[in-house]
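Numbered continuously in the working numbering, the sequence shown closes out at residue 239.
Simulated from the structure, these hints should not be mistaken for lab results. These figures come from a predicted structure and were not determined experimentally. Note that CB positions come from ideal geometry on N, CA and C, so glycine has one too. There could be a bad hint or two in this list.
[Claimed, not checked] Across the chosen pairs, the derived CB separations fall in these ranges:
| # | residue 1 | residue 2 | range |
| --- | --- | --- | --- |
| 1 | E197 | R164 | 32 to 38 Å |
| 2 | R210 | S160 | 32 to 38 Å |
| 3 | P36 | G148 | 45 to 51 Å |
| 4 | S160 | E132 | 18 to 24 Å |
| 5 | Q147 | E231 | 30 to 36 Å |
| 6 | E42 | G19 | 18 to 24 Å |
| 7 | I216 | F89 | 16 to 22 Å |
| 8 | G239 | D101 | 23 to 29 Å |
| 9 | G19 | S180 | 34 to 40 Å |
| 10 | Q147 | F89 | 24 to 30 Å |
| 11 | A88 | E42 | 35 to 41 Å |
| 12 | M106 | R210 | 25 to 31 Å |
| 13 | G239 | S160 | 34 to 40 Å |
| 14 | E42 | E161 | 28 to 34 Å |
[To be verified] In silico DMTMM-like links for lysine to aspartate or glutamate, alpha-carbon gap of 25 Å or less:
| # | residue 1 | residue 2 |
| --- | --- | --- |
| 15 | K192 | E204 |
| 16 | K110 | E231 |
| 17 | K185 | E132 |
| 18 | K110 | D69 |
| 19 | K185 | E197 |
| 20 | K185 | E42 |
| 21 | K192 | D235 |
| 22 | K185 | D213 |
| 23 | K185 | E82 |
| 24 | K192 | E161 |
| 25 | K185 | D69 |
| 26 | K185 | E204 |
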Amino acid sequence: MAKTPKPPPPVEPARVRRGYFECRFGQLHLHNSMPPGGGFEEGTALLCIQDSAGTGRTFAPFMALACRDRSGYAPDLPGLGESDPPGAFPTVAEYAAALEDFIDTMRLRKLDVVSFRAGAFIAAELALARPEQIGRLVMVSVPVPQQGQRGEPAVEANLSEGQRRLLAALRQYPARERLSRLSQKLLVLRPKDDLWEATGRIREVLPAARVLDLDIPGEALFASAPARLYESARDFLRG
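Construct all of the structure, not just a fragment, from the sequences and the given hints.
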């Protein structure tokens with residue numbers, strides 16, 4: 001009598017660790033993960049870019065799922081979390097350049113990028129600066145301004161100095177013009193949050209972008225629904 005084959009063992013979640021790397025503004029703190037078996041070559045590395053009101057820790061539950069077959073990195077942007085602050089008021093391109101410093105230090109040949117809210121604009125600048133190196137883009141809740149506007153105004157009460165500097169850069173950022181130049185494959189996840197309408201405007205500047213509406217609330221999305229986000233982006237990231 002033939003033996004019933006054993007089911008494959010469950011895939012372990014990736015272990016998320018922390019570390020520091022040098023960038024043009026000083027030390028860059030990040031959360032990073034590797035596949036449970038170790039090694040960096042299983043899949044394209046994943047870079048996660050936070051919103052102005054968070055840190056790289058935002059992505060830890062998501063990375064535990066998404067990085068079971070690839071390495072992953074989620075930095076605190078300069079001046080936020082435990083990363084050193086910039087000496088002045090950087091532009092969005094300069095925030096992206098700090099991430100380029102990290103990419104060069106790690107000698108990462110190819111990257112996919114996941115971004116959340118305002119982090120989408122830093123992801124866009126990174127993709128425009130490194131078109132051959134940045135592969136697929138996943139943007140979650142993108143604050144695309146209306147025609148003729150730039151960054152949306154923000155309430156500045158109780159903000160840290162790092163947040164004020166980042167928001168100052170975002171207010172000057174020509175988001176629609178820069179987003180329209182992207183050539184990478186793009187998946188936009190659109191949860192039911194305060195950026196529902198703004199995220200839908202991505203179709204005005206990038207008609208070819210794939211937009212997936214999600215029937216989940218957007219608040220603390222990467223903490224409350226990491227599995228749903230991973231399932232929504234998994235096949236796209238695998239190509």
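### Task
State the violated hints by number, sorted upward, taking the hints as numbered earlier in the document.
1, 4, 7, 14, 23 and 24
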